[in-house]
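*Asks:* Given chain A's structure and the hints, the job is docking chain B onto it.
First to last, the sequence lines map onto chains A and B.
Residues are numbered in this note's numbering as their position in the first sequence, beginning at 1, plus a constant of 298.
Residues are numbered in this note's numbering as their position in the second sequence, beginning at 1, plus a constant of 3.
These aren't lab readings, by the way, just hints derived from the structure by calculation.
Heads up, a few of these hints could be off.
Coverage of chain A stretches by chain B, computed from C-beta distances (three or more under 8 angstroms per stretch; other residues unrestricted) [as the list claims (entries may be wrong)]: (1) 350–356; (2) 359–368; (3) 398–405; (4) 415–424; (5) 472–479; (6) 521–531.
Backbone N, C-alpha and C fix where the C-beta goes; we use that ideal spot for every residue, glycine too.
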Amino acid sequence: MTELSEGAKFVAIAAREIADGDICFVGIGVPSLAAITARRGHAPDSVIIYESGAIDALPPVPPLSTGSPSVVADTAMVTSCLGVFSMLQQGVFDLGLLSAAQVDRFGNLNSTVLGPYATPKVRLVGSGGAHDIAVLAREIIIMMPHDPRRFVEKVDYITSPGLRTAANGMDADRTRGKGPRCVVTPRGRFTFEAGELTLDAIAPGFDEAQAVEGFGWKVPHAHVVRRLPKIDEALGATASAVLKSWGRGTD
Amino acid sequence: MSGIYPSVDHEKDNRFGRLQTKLITFVVLPYYLSPVAYTKFWIDTEKHYGTDYGSNPSSELKRARFDMRNKLSHLADAVKAHIHDGDTVFVGGFGQCIPFATGQEIVRQNRKSLTLCRSGADIFFDMLIAAGCVRKAVFGYVGNPGIGLGHAFRRAVEAGTLEVEDWTNFAMVLRLHAGALGIPYIPAATLVGGDLPVGVRTAPVTCPFTGEKLVAIPALNPDVAIIHGQFADSEGNLQLFGLSGDTADGALASKRIVATVEKIVPAAAIRAQPDHTIVPGFRISAVCEVPYGAHPAYVEGFYGRDDAAYMEWDKIARSAERLNAWLDTEIRGTKSFAEYWARLDPSRIADLVAARGRELASAA
Numbered sequence: 299m300t301e302l303s304e305g306a307k308f309v310a311i312a313a314r315e316i317a318d319g320d321i322c323f324v325g326i327g328v329p330s331l332a333a334i335t336a337r338r339g340h341a342p343d344s345v346i347i348y349e350s351g352a353i354d355a356l357p358p359v360p361p362l363s364t365g366s367p368s369v370v371a372d373t374a375m376v377t378s379c380l381g382v383f384s385m386l387q388q389g390v391f392d393l394g395l396l397s398a399a400q401v402d403r404f405g406n407l408n409s410t411v412l413g414p415y416a417t418p419k420v421r422l423v424g425s426g427g428a429h430d431i432a433v434l435a436r437e438i439i440i441m442m443p444h445d446p447r448r449f450v451e452k453v454d455y456i457t458s459p460g461l462r463t464a465a466n467g468m469d470a471d472r473t474r475g476k477g478p479r480c481v482v483t484p485r486g487r488f489t490f491e492a493g494e495l496t497l498d499a500i501a502p503g504f505d506e507a508q509a510v511e512g513f514g515w516k517v518p519h520a521h522v523v524r525r526l527p528k529i530d531e532a533l534g535a536t537a538s539a540v541l542k543s544w545g546r547g548t549d
Numbered sequence: 004m005s006g007i008y009p010s011v012d013h014e015k016d017n018r019f020g021r022l023q024t025k026l027i028t029f030v031v032l033p034y035y036l037s038p039v040a041y042t043k044f045w046i047d048t049e050k051h052y053g054t055d056y057g058s059n060p061s062s063e064l065k066r067a068r069f070d071m072r073n074k075l076s077h078l079a080d081a082v083k084a085h086i087h088d089g090d091t092v093f094v095g096g097f098g099q100c101i102p103f104a105t106g107q108e109i110v111r112q113n114r115k116s117l118t119l120c121r122s123g124a125d126i127f128f129d130m131l132i133a134a135g136c137v138r139k140a141v142f143g144y145v146g147n148p149g150i151g152l153g154h155a156f157r158r159a160v161e162a163g164t165l166e167v168e169d170w171t172n173f174a175m176v177l178r179l180h181a182g183a184l185g186i187p188y189i190p191a192a193t194l195v196g197g198d199l200p201v202g203v204r205t206a207p208v209t210c211p212f213t214g215e216k217l218v219a220i221p222a223l224n225p226d227v228a229i230i231h232g233q234f235a236d237s238e239g240n241l242q243l244f245g246l247s248g249d250t251a252d253g254a255l256a257s258k259r260i261v262a263t264v265e266k267i268v269p270a271a272a273i274r275a276q277p278d279h280t281i282v283p284g285f286r287i288s289a290v291c292e293v294p295y296g297a298h299p300a301y302v303e304g305f306y307g308r309d310d311a312a313y314m315e316w317d318k319i320a321r322s323a324e325r326l327n328a329w330l331d332t333e334i335r336g337t338k339s340f341a342e343y344w345a346r347l348d349p350s351r352i353a354d355l356v357a358a359r360g361r362e363l364a365s366a367a
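Excised from the complex, chain A in its bound form (with noise of 0.2 angstroms):
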């Protein structure tokens, strides 16, 4: 078996977060790279939802565009925003598979503007359907490459809010979805039992010191820091394929 790329090897990591049989609302880049991995491979069963209106999408390659034409090219059904942002908030949609510009230790993510709101520094996209899924999915699963940067203490801009507690300002009661699971990264996995951004996880070839070098904070270790399986030649060979029709790399 051939060396697989790191985009390739973030992506089998990623994709492995999605059960068979999960319902994700995915949105473009890692999160479509891998639920597309994910539907190909161990999760036959699993079902992309894209935000344009695809939903069961099945795209023979990796969309550039939420509403590209490969999103409805062997897709089950077409609907409007409005249908899909209703099963949304609903609640019949098991995962929200979300990326952003930063993230922060409590699970908060910054799509909109880096530096001050009214006077940007760079100005970003904006919320798109990230804030609707971070907030109504029933689990969030986050997906950053590993670039120090994107990892800061408190995001600039909480453009989707994170974890559903008091000391990140929020109400529970208030927020129909549990919020996030986990951080994936190439480089290992975080969660958030611990009630901040915890390193759960190791991914093959990095140690505990790399998988959080050069975050803006001292992230806090679990007791055990599990090693990640490998990737078996399966997954990776998937990943690499999806990957390599998609030709514009993990971040």
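*Replies:* Here is chain B on its own, set in the frame of chain A:
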């Protein structure tokens, strides 16, 4: 002749009389004898009483030209008549059927101070912002999907020259849907937590039946919607196959609708599959046949998405000068969308057409 009688200027009266005679002889009579007056009378009669033209083909021709149901227009005329400076404009399409041709015409006619709104917006917003047509953007997302930022949007926000309202895609869909429902707001379970709710006008609302706490999202009723579809008939009954996103909600929430389509087809073709009609003709202000009018977005059954153009945009738009030069040559330097289209490489067009996707029945 002084005293009780006012002095009379007979010469002035005579001049006035001669003018009246001339007016009647050379203006009024010719008008009433002219085809213009005949047509006006004919249309007014039609408006009041309707007419059955039978199967007389010449009557059919007249019907197409003068019927009040007729919404056919040239795009330049439609933009001139229905899109004004300062309007709030809903932009249709989601990935596919984005009305780029209408956007180009707005740039050519140099509309100012527009408020653009929709859920997920791509480089269409960037183009109009760069061209100086936009005062404010109301949106869930503005960027170049899968590629990066909307550079003109980014520069304008950072420079403080563009007002923004950051919503979410779902919230924008709900605002337009409430507008289409004809109600002032809609309750929802989104826009809770984080910084987004702080910047927009929402209000807490409690369900009168269950006591559940929700968020009231205000309706949005744009002045005008611009949308693109596959087919319409001359009455404007508009059909859109494939992804439409928030197009129907946004169009039906708007006061006026300017539509472009790939092909104007006979009414019978529309009526053969009426389930694909997303906007009825009586709601349409103008419908224009503009083949390829969604480029670089795509239209199922006609052409694929020009991903390369979106990537080129990323390079062009990074520099304000380069983007302005591009607008000057490609948009302001062309008279119409057709001229813009004719400049594209034929092999590129062939590739796009080859990637048109499924064949649509009413293309016949």
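*Asks:* Does the stretch 398–405 of chain A contain three or more residues whose Cβ lies closer than 8 angstroms to a Cβ of chain B?
*Replies:* violated (count 0)
*Asks:* Just to make sure I understand the rule, a stretch counts as covered if three or more of its residues have a C-beta closer than 8 angstroms to a C-beta of the chain. Does the stretch 415–424 of chain A meet that for chain B?
*Replies:* holds (count 9)
*Asks:* Confirm or reject the coverage of the stretch 359–368 of chain A by chain B under the rule of 3 or more residues with a beta carbon closer than 8 angstroms to the chain's beta carbons.
*Replies:* Answer holds; 7 residues pass the 8 angstroms Cβ test.
*Asks:* Using C-beta distances, would you say chain B covers the stretch 472–479 of chain A, given that this needs three or more residues below 8 angstroms?
*Replies:* Per the Cβ count (3), the hint holds.
*Asks:* Checking C-beta pairs, does the stretch 350–356 of chain A have three or more residues closer than 8 angstroms to chain B?
*Replies:* Since three or more residues must qualify, the claim that chain B covers the stretch 350–356 of chain A holds, with 3 doing so at under 8 angstroms.
*Asks:* Tell me if chain B covers the stretch 521–531 of chain A under the three-residue, 8 angstroms CB rule, please?
*Replies:* Answer violated; 0 residues pass the 8 angstroms Cβ test.
This entry does not satisfy hints 3, 6, going by the numbered hints stated previously.
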